[in-house]
Amino acid sequence: MRLRLPRLLLGLTCLLIAVWLVAPTLVVIPMSFADKKSLAFPPTGFSLQWYENFFTNPQWFGSLVTSAKVAVMVALVATVIGTMAAIGIERMKSRTGGLIRAVLITPMIVPGVVLAVGVYAVYLDTQLVGTWAGYVLAHTLLAIPFVVIAVGANLAVFDARLETAAASLGASRLKTFFTITLPLILPGILSGALFAFVTSFDEVIVSLFITSPQLKTLPVQIFSSMTRDADPTVAAVGSLIFMATSLIIGLGLIFGTRRRGA
Amino acid sequence: MASDTARPPWRGPFLLTLPALAVLLLVMAVPLGVIVLRSFTDPAPGVGNYVWFFDTPVNLTVLARTFKISFWVTLCCVVVAYPYAFAMSVAGPRLRLLLILCVLVPFWVSGVVRTLAWVILLQDSGVINKGLVWLGFDKVKLIRTQLGVTIGMTQVLLPFMIMPLYAVMRGIDLRLLQAARSLGAHPVKTFFQIYLPLSLPGVFAGATIVFILALGFYITPLLLGGPQSTMLSTLIQQQVLSLLNWGRGGAMGVVLLVATFGFLAVASPFMRQKYKISGGGR
Numbered sequence: 001m002r003l004r005l006p007r008l009l010l011g012l013t014c015l016l017i018a019v020w021l022v023a024p025t026l027v028v029i030p031m032s033f034a035d036k037k038s039l040a041f042p043p044t045g046f047s048l049q050w051y052e053n054f055f056t057n058p059q060w061f062g063s064l065v066t067s068a069k070v071a072v073m074v075a076l077v078a079t080v081i082g083t084m085a086a087i088g089i090e091r092m093k094s095r096t097g098g099l100i101r102a103v104l105i106t107p108m109i110v111p112g113v114v115l116a117v118g119v120y121a122v123y124l125d126t127q128l129v130g131t132w133a134g135y136v137l138a139h140t141l142l143a144i145p146f147v148v149i150a151v152g153a154n155l156a157v158f159d160a161r162l163e164t165a166a167a168s169l170g171a172s173r174l175k176t177f178f179t180i181t182l183p184l185i186l187p188g189i190l191s192g193a194l195f196a197f198v199t200s201f202d203e204v205i206v207s208l209f210i211t212s213p214q215l216k217t218l219p220v221q222i223f224s225s226m227t228r229d230a231d232p233t234v235a236a237v238g239s240l241i242f243m244a245t246s247l248i249i250g251l252g253l254i255f256g257t258r259r260r261g262a
Numbered sequence: 263m264a265s266d267t268a269r270p271p272w273r274g275p276f277l278l279t280l281p282a283l284a285v286l287l288l289v290m291a292v293p294l295g296v297i298v299l300r301s302f303t304d305p306a307p308g309v310g311n312y313v314w315f316f317d318t319p320v321n322l323t324v325l326a327r328t329f330k331i332s333f334w335v336t337l338c339c340v341v342v343a344y345p346y347a348f349a350m351s352v353a354g355p356r357l358r359l360l361l362i363l364c365v366l367v368p369f370w371v372s373g374v375v376r377t378l379a380w381v382i383l384l385q386d387s388g389v390i391n392k393g394l395v396w397l398g399f400d401k402v403k404l405i406r407t408q409l410g411v412t413i414g415m416t417q418v419l420l421p422f423m424i425m426p427l428y429a430v431m432r433g434i435d436l437r438l439l440q441a442a443r444s445l446g447a448h449p450v451k452t453f454f455q456i457y458l459p460l461s462l463p464g465v466f467a468g469a470t471i472v473f474i475l476a477l478g479f480y481i482t483p484l485l486l487g488g489p490q491s492t493m494l495s496t497l498i499q500q501q502v503l504s505l506l507n508w509g510r511g512g513a514m515g516v517v518l519l520v521a522t523f524g525f526l527a528v529a530s531p532f533m534r535q536k537y538k539i540s541g542g543g544r
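Those sequence lines, one after another, are chains A and B.
Residues in the first sequence are numbered from 1 upward in steps of one, following my numbering.
Residues in the second sequence are numbered from 263 upward in steps of one, following my numbering.
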């Protein structure tokens, strides 16, 4: 076959790119077991002290709890608001719908620091700096685009005639929504919720501006630790996040394809 | 039950979008409005902050550098993502799943953690330099250089290039290539006349997103970069948090906003354009 050489080259190139995508992140795993307080590679010795530090030091563990709580609240609020908006946009089927959709996606495009400075200015005036409400509000803004896109994509393939059928058989609007529409767009809503959770859990730029020593999220804690000193605890956190993420995505992909394949 | 065959037209759709729009107004529109306002009023009304911005050589250097780094990052992303997305679009289901996994895992692991990994790799006593010394080469200065920032940013932004490219390539009918080949076209000619034009909307979509995100990048340049690779975002943060100069920081923010949305306005027509296969005329 004449195609063999190009195919081999393509395969090799992709292998290199895949390694380049994944491998750099893997480097945090050996670093997390270092026995000295240093981020020099390769680490010497073996210890679990950085994992212990992460789970026992209130600075670290407290920020994890804060991040998890904020992310759960954001996932709830952004998913409800974003799903409502996506349904509204789908029903408009007009220029207004497209316009509102474009507007709702802008938080993804606005440069993070510009948004952060503005939010900080407003929060200083409204005493929202370093508060739960402050974090949830700002992260919800950043999560809404993901929910609108995920639910919107699901609604686009949803057969609206099913609703008409339900209505013609006498179901009320609410009943139609909860028994017909909601179950059918649930995959979109769930993936939107997951995106919203991760967006909030990872958000660092706006959080850096609106943080306070009393209420800090995990990315802020990681960032300040990295700029302060070479503490391998960041590598331990990184490894935990990496493993949790791989597990969730791996399971999601496996079950997602299995269901579609069935 | 009351008959509901004659329901009044439902005016709900717009109301449904109101909560989301309210969040946008409160946490995005008002804050950005405050920035624009301060850039014109703080410390004195007028365009003084903008005059200062465009009169200070350092600012112009950083602005030019921001565009330059973003351009290189975008170019690197296109070059790296193109073969990868192509392989994704032609691979069998199992291999495709693996390739997608390799894109998604780094995409979902937080940017801060990935930047930390790059710090470990690129630092003077880092993995790459240790490897170079081991192979008998000299150490290369990577951290706190533009090269290091470009490498790190390209890896962080690559998924944003691969996904739209893959979405477009998946829809390309590969039989067109077979048809061209069977009519005697050389593979290289087939690629440039048929495949490349059909995949261009994906290239434009991905490149636009990567370029826009790169313009506003903050964490990666801050942690991987040094004084010689400062980008506009870092300068804005310094003005506001270190110098407490809201007016100047605001003016810089407006410049970055205008650059971002200006570029988006220029680029968006290209993303939607459908490319016809030219019949040999071009």
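Bear in mind the hints are in silico, worked out from the structure with no lab data behind them.
For every residue, glycine included, the Cβ atom is placed at its ideal position computed from N, Cα and C.
There's no promise every hint is true.
Among chain B residues calculated to face chain A with C-beta under 7 Å, some are [unchecked claim]:
id, residue
1, Leu278
2, Ala282
3, Val367
4, Leu458
5, Ile474
6, Ser495
7, Val517
The list that follows gives simulated cross-link-like pairs (lysine to aspartate or glutamate, DMTMM-like), each with its CA atoms no further than 20 Å apart [stated by the list, open to error]:
id, chain 1, residue 1, chain 2, residue 2
8, A, Lys36, B, Asp435
9, A, Lys36, A, Glu163
10, A, Lys37, B, Asp386
11, A, Lys69, A, Glu90
12, B, Lys403, B, Asp386
13, B, Lys330, B, Asp304
Hints versus structure:
1. Leu278: holds (3 Å)
2. Ala282: With a minimum Cβ separation of about 4 Å from chain A (threshold 7 Å), the hint on Ala282 of chain B holds.
3. Val367: holds (5 Å)
4. Leu458: Check failed: Cβ of Leu458 of chain B comes no nearer than 15 Å to chain A, outside 7 Å.
5. Ile474: At 6 Å from the nearest chain A Cβ, Ile474 of chain B passes the 7 Å test, so the hint holds.
6. Ser495: Constraint on Ser495 of chain B satisfied, holds at 4 Å.
7. Val517: violated (10 Å)
8. A:Lys36 <-> B:Asp435: Violated, because 56 Å separates the two Cα atoms, which is more than 20 Å.
9. A:Lys36 <-> A:Glu163: It is violated: about 63 Å lies between the C-alpha atoms, which goes past 20 Å.
10. A:Lys37 <-> B:Asp386: Holds - the C-alpha atoms of Asp386 of chain B and Lys37 of chain A are around 17 Å apart, at most 20 Å.
11. A:Lys69 <-> A:Glu90: violated (31 Å)
12. B:Lys403 <-> B:Asp386: holds (7 Å)
13. B:Lys330 <-> B:Asp304: violated (30 Å)
Figure legend: structure checked against the earlier numbered hints; hints not met, in rising order: 4, 7, 8, 9, 11 and 13.
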